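Chains as they are written, first to last, in the working numbering: chain A, 1 to 267; chain B, 1 to 282.
No lab work stands behind these hints, which were simulated from the structure alone.
You may find that some hints are simply not true.
If you want the footprint, here are the derived chain B segments under chain A, 3+ residues with CB under 8 Å [unchecked claim]:
#	segment
1	61–69
2	96–105
3	120–131
As the structure is a prediction and not an experimental result, all values here were calculated from the model.
Ideal Cβ positions, reconstructed from N, Cα and C, are used throughout, including at glycine.
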Amino acid sequence: MKQFFLSSWRAGFRGRSFYGVFFLGVALVGVAYLAASFSPRQPQTVALDVGFSGFRLALSLFAIVLVQDLVGREIDRRTVVLTLAYPAGRSTYVCGRYAGVLALVAAASIVLAMLLWIAVLAASPGYDQQFPVLMGWPYWIAVGGIWLDVAVVAAFTLWISTVSTVAVLPLALGIVFAIASRALGAVFDYISHGADGQEVLAARAGPILDVARWLVPDLSHLDWRIWPMYGTAPDPGAMALGVVLALSYAGVMVGLAVHAFSRREFS
Amino acid sequence: MDSLRHYAGGIVACLCYVAYACAVQPLYQRPRPSVSVEMQVVLPRFVQVILAAGDRYLAANLAGFRTLVASTANMEPENFRIQALVQMDVAWFNPAHEDNYYLATALLPWNGQVGATQTILEAATRSRPFDWLPPFHYGFNLLHFLKQPAEGAEWARLASERSTDEMQALQLQQMAANWVAKGEDLGLAVRMHRAMADQTRHKAFAAFLEKRATRLENLLVLEKAVDTYRQRVGTFPVSLQQLLKENVLADLPIDPFGEGYGLDSNGRPTVIGRGGRVRGKE
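In isolation and in its complexed conformation, chain A is listed as follows:
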């Protein structure tokens, strides 16, 4: 597994997509810095808030593109056949690639989080907002939550890569999954509270959402940004359950990916 992990790590840094998405992340941190100027009362909180949103967007794209590059494209070009000539199991290949993607995402997370940290503290000099942001442990725990969220998105994209016979399908479905899994909590909340009085919509969407939550994880449970932004720690029980939900779902996806890849025939 180690050689697949290391080859993923090296290939990730060699690929142009790594730098493309990484510069997108840096640009989004810049947007977060500028967004602070819109706020009349809490510039650093707004910079942090917008920064977390951009951070999650860039990291999700980064993970999806990496999985596409390291697994999807290898299968598409049949270069995977050469890789499988090594005396190693197919499951080792899938797990090694996934571990490599997670490590690359972690490295990008640390760099982008440090940039955002600087951008937030530099936002709005000369104005002390009444309620300061917490940039110590709460900040890094919120960054960890985003990394875990992206790990689930990467696991889903990995599974799609192993079953897909269309080159762009993992990219497209990975993006749809990243949006849907994040929006699920808000949409469920909206529908369960009556959808602003739209009874027909609530009646139609309610049963669909009841099924959807068993298939798509609600990744909004991994968004712990209120802690660094407002100093209100999320419920530890809910945080722990969110972590269990994410890890188990990622486990299911990696398991399905190993299953599909082990049975796939490369002609």
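Go by the hints and put chain B onto chain A.
Leaving out everything else, chain B in the frame of chain A:
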């Protein structure tokens, strides 16, 4: 023939550029539809979340930026109704959003959207247990707009419990007691506007709040003048000119927003809009 084929790409590009150049000038001379800076549209909440890549905090910020850049100078009641809906959406996406409750307090209740403001402030009170301002503003709105001083005082007491400054907590308790005893206090509204202007770093918004404070001060002056007139003459004045004739006032105050003052059907001073519309104590 071969040489023509060799240059075909360049020739096509030149011809297309000539067509482009012919279209540019007349297009730029045509009048453009003016972009309305007032609030006109509100999207369903789940659509806003999807447009923000599923991120409800980003949806809150995007809607929040809309409310910040919207011009309130020429807003009609319908625009304020839509602004209230957008700000309630922000409170739903992120109830702890500080700018949202601050802006809502500064704009909405003074333009007929008291219910929406109270919804936003109630959500902020729940999600910001460390902040004394949302319950204070909620209580003030109960006192000033809804004429419920006793209920307002309860919220002022909640604000005093949250205040970390001992002196401020005492002042809030004193204020709560005064609300129950005296009822409405226009002077407090003036002081509140000045305090809010001090709290923001946006100079234009602070200037707007200062103008509103001046308007309320003018109304306070007129209120006192009407009371003096009633004591002297025994009846309410029919127009503000009577205050000048009776030498109760030397001259009428000038509205900082360029509108005017008049008297409502009860003889109390009020703001008269540009079209002669009675706008209340905005």
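Results for each hint:
1. 61–69: The restraint on the segment 61–69 of chain B holds, since 5 of its residues have a Cβ under 8 Å from chain A and three suffice.
2. 96–105: holds (count 5)
3. 120–131: holds (count 5)
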